[in-house]
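For the sequence shown, position 20 matches number 20 in the UniProt record's numbering, and the numbering has no gaps at all.
Honestly, the hints are just simulated from the structure, not real lab data.
It cannot be assumed that every hint is accurate.
[What the hints assert, rightly or not] So the derived label-pair ranges between C-beta atoms look like this:
id, residue 1, residue 2, range
1, G152, E319, 51 to 57 angstroms
2, E320, N228, 40 to 46 angstroms
3, L356, N453, 27 to 33 angstroms
4, E320, D275, 40 to 46 angstroms
[Claimed, not checked] Calculated pairs, DSS-like style, for lysine-lysine (alpha carbon to alpha carbon, straight line, at most 25 angstroms):
id, residue 1, residue 2
5, K367, K378
6, K316, K379
7, K393, K382
8, K391, K379
9, K378, K472
10, K393, K454
11, K316, K256
12, K452, K318
13, K452, K472
14, K221, K256
15, K242, K232
16, K221, K391
17, K256, K239
18, K379, K472
19, K454, K316
20, K472, K393
21, K472, K454
22, K256, K42
For glycine and all other residues, C-beta sits at the position ideal for the given N, C-alpha and C.
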Amino acid sequence: MSTRTQHEASSSSKRWMHDVFLSFRGEDTRNGFTGHLCMTLKEAGVNVFIDNQLRRGEEITAELVQAIRGWCLQELVEIMECRRRLGQIVLPVFYDVDPSHVRKQTSASFAQAFQKHEECFHEDTDKVARWRAALTEASNLSGWDLKNTADGHEALFIRRIIGEITKQLDTTYLNVAVYQVGIDSRVNEINSLDRGSYDVQMFYHSFVYKSFLGNVRETAKELNGMTNLQEKLLSDIFKPTKMEVGDVHRGIDLIKEKLRSRAVLVIIDDVDDVDQLNALAIARDSFGRGSKIFITTRDRHLLEQVEVNIIYLAQKMKEEEALELFSWHAFRNPCPNEEYSELTRSVLGYCGGLPLALEVLGSFLFKRSLRDWTSTLKKLEKIPRFEIQEKLKISFDALSDEDEREIFLDISCFFIGMDKNSVTRILDGCGFFAEIGISVLLQRCLVTVDEKNKLVMHDLLRDMGREIVRAKFPNHPGNCSRLWRQEDAIGVLTDKSGTEDIEGLALNLLKPDKASFSMKAFRKMKRLRSLETTNIFLRS
1 MSTRTQHEAS SSSKRWMHDV FLSFRGEDTR NGFTGHLCMT LKEAGVNVFI DNQLRRGEEI
61 TAELVQAIRG WCLQELVEIM ECRRRLGQIV LPVFYDVDPS HVRKQTSASF AQAFQKHEEC
121 FHEDTDKVAR WRAALTEASN LSGWDLKNTA DGHEALFIRR IIGEITKQLD TTYLNVAVYQ
181 VGIDSRVNEI NSLDRGSYDV QMFYHSFVYK SFLGNVRETA KELNGMTNLQ EKLLSDIFKP
241 TKMEVGDVHR GIDLIKEKLR SRAVLVIIDD VDDVDQLNAL AIARDSFGRG SKIFITTRDR
301 HLLEQVEVNI IYLAQKMKEE EALELFSWHA FRNPCPNEEY SELTRSVLGY CGGLPLALEV
361 LGSFLFKRSL RDWTSTLKKL EKIPRFEIQE KLKISFDALS DEDEREIFLD ISCFFIGMDK
421 NSVTRILDGC GFFAEIGISV LLQRCLVTVD EKNKLVMHDL LRDMGREIVR AKFPNHPGNC
481 SRLWRQEDAI GVLTDKSGTE DIEGLALNLL KPDKASFSMK AFRKMKRLRS LETTNIFLRS
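Could you put the whole structure together from the sequences, leaning on the hints where they help?
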C-alpha cells in the first residue's frame, strides 16, 4: 500500500483525493484480510482508495489509470517510482508469503510465474526486468510479515498496521496554534509526569479510538448540548457509524457499555462543571485499560472531584518563547525588527508570558507604525484590550458566589502583594467568608500565594478585575465601587464627588501635598467598608 506524506498533505488540499491506496493481489483476500484492513482504516478516519470503489458502467482501466496518475497509484513499478520521485511512503504487507521469496523470486510459484511472463513478453524483456526490480525493492522496505508479527494474529496485525499508517500520515486532528511556540516543551513536561501511569504512551497516533470534545462549557448550555457531546464521543469512536443516545442517562449507560473494553484517547476541552464530566461517564471504570482522558479546565477543584491521576498547571511562557511567539504575530518572523526592539520588550512586560495576550497584541500591532505602538502601550496602562479582557473574564463569570466575586475584585484593586492572613482578617471584617472565598480563587487559578504567603495575581487578571469596576462608570470615578488609582481617590475626596456606591479606596497618606481633603469627605460614602492607606485599614 502507498500513503501520502505530511509535506504532500499540506502542500495542496486539492491534489490528493485519498490518504491510502491499497494495492493487493488475490481475490481471496478482498473479502478477508484486505477487506478488514480497509474497513479498519476507514474507521480510523483514513480516506482509503481500493479498486472496488470504481463506478459501475465506466471503463475500469481508464478510471484506474486516472486515479493512479492523480494519486501516483499504479501497479508496483510505478508505485515504487512515485516513492522515489514524490516521496510517497510504501508499506509492504506480506500476507501468507515469505518476504525472501518475494525478494529473490526463486520459489517455485515465483519462478513459474516469471517464466510465463518472460514467454508472453519476450519482445519486451525490460518490462519483466522492471517488475523483478520493483518486487526486490519493495520487499527490502520496512513492512509487516504476518507470520513474524503478533504471532500470526490477524486482528493484532491489522491494529499495528493502522497505528503505523496514522503515524506516517500525521493527520492533523486538532486545530492547534498557527505558530506552535513552546508547545513541544509542555508536551514533554506532561509526558514526564505521565510516565508509567498506563501501558500506552500519551501519543495520539497510538490510539485507534479517539475523540476530541471541544468547547464543552459553551456546548453544554445549548439545547440538548450534553446529549450532542455524548453522541459525538461515541460517533468519533465508532465512525463512520453515527450514534444516537436519546437522553443523557441513556448516553451515560451507552458510553460505559461500549467503551469499557476499549483503549481510547479522549480530550475534553474547557469544562466548568463536574456534571459535564459525569454526563460523559468520566470515571476510572468507564474505559478500557490503557485509555487516556485529558481534561482542560479553569477549576482545579473540578479535577480533584473526579480524582484525576495528574494535574498539570500550564506555566506562563519563558521570555524567549514569549518573544518568538509575539514576533511571529507582529512581524511574521521569529524575532522583532530592530527599530521595534525596545517597544517589543515593553509589550512582553505587559503580557507577562500569557500566550493569549501575545497573540492578540502581536496581531493588532502587525504593520503598525512606531507611533501607533507607543500610543497603544499608553492606552493599555488604563484600558486593557477587549479581546483579552473577554477571554479572561470567563473565569470571573464562572464564580457562582457573589462573595467570591467581591473578594476577587477587592484583591485585584487593593491587596496584591499583601499577606494572605492579613487580607483574610480584613475581608472577614467586611462581612465576607474570606477563607473559603480565597480558597476557591486559588482553585480557579485567579490568585496564587507565594512562598512568603503573599497574594499574587497575574497583571492581566489584575487589570481585568479593575476594568470590570471601571467599565461601569468609565467617566465618573465617584460612582465606582472601588478606587485604586491615587489620582482618582484624591480627586473624589477633594471635590467631594464620592457617592454611596464607593465601597473601598486606596490612599497614600505619605504624600501630604495631595492629601488636601477633610475626613468629612467620607460621609457621603455610606457603603465604604475598607480604606487602604500605607499602613492603616478603616472599615465603616
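How the hints compare with the structure:
no. : hint                            : result
1   : G152 / E319: 51 to 57 angstroms : holds, 56 angstroms
2   : E320 / N228: 40 to 46 angstroms : holds, 42 angstroms
3   : L356 / N453: 27 to 33 angstroms : holds, 29 angstroms
4   : E320 / D275: 40 to 46 angstroms : holds, 41 angstroms
5   : K367 / K378                     : holds, 18 angstroms
6   : K316 / K379                     : holds, 24 angstroms
7   : K393 / K382                     : holds, 17 angstroms
8   : K391 / K379                     : holds, 19 angstroms
9   : K378 / K472                     : holds, 21 angstroms
10  : K393 / K454                     : holds, 23 angstroms
11  : K316 / K256                     : violated, 37 angstroms
12  : K452 / K318                     : holds, 23 angstroms
13  : K452 / K472                     : violated, 35 angstroms
14  : K221 / K256                     : holds, 24 angstroms
15  : K242 / K232                     : holds, 8 angstroms
16  : K221 / K391                     : holds, 17 angstroms
17  : K256 / K239                     : holds, 17 angstroms
18  : K379 / K472                     : holds, 18 angstroms
19  : K454 / K316                     : holds, 19 angstroms
20  : K472 / K393                     : holds, 15 angstroms
21  : K472 / K454                     : violated, 29 angstroms
22  : K256 / K42                      : holds, 24 angstroms
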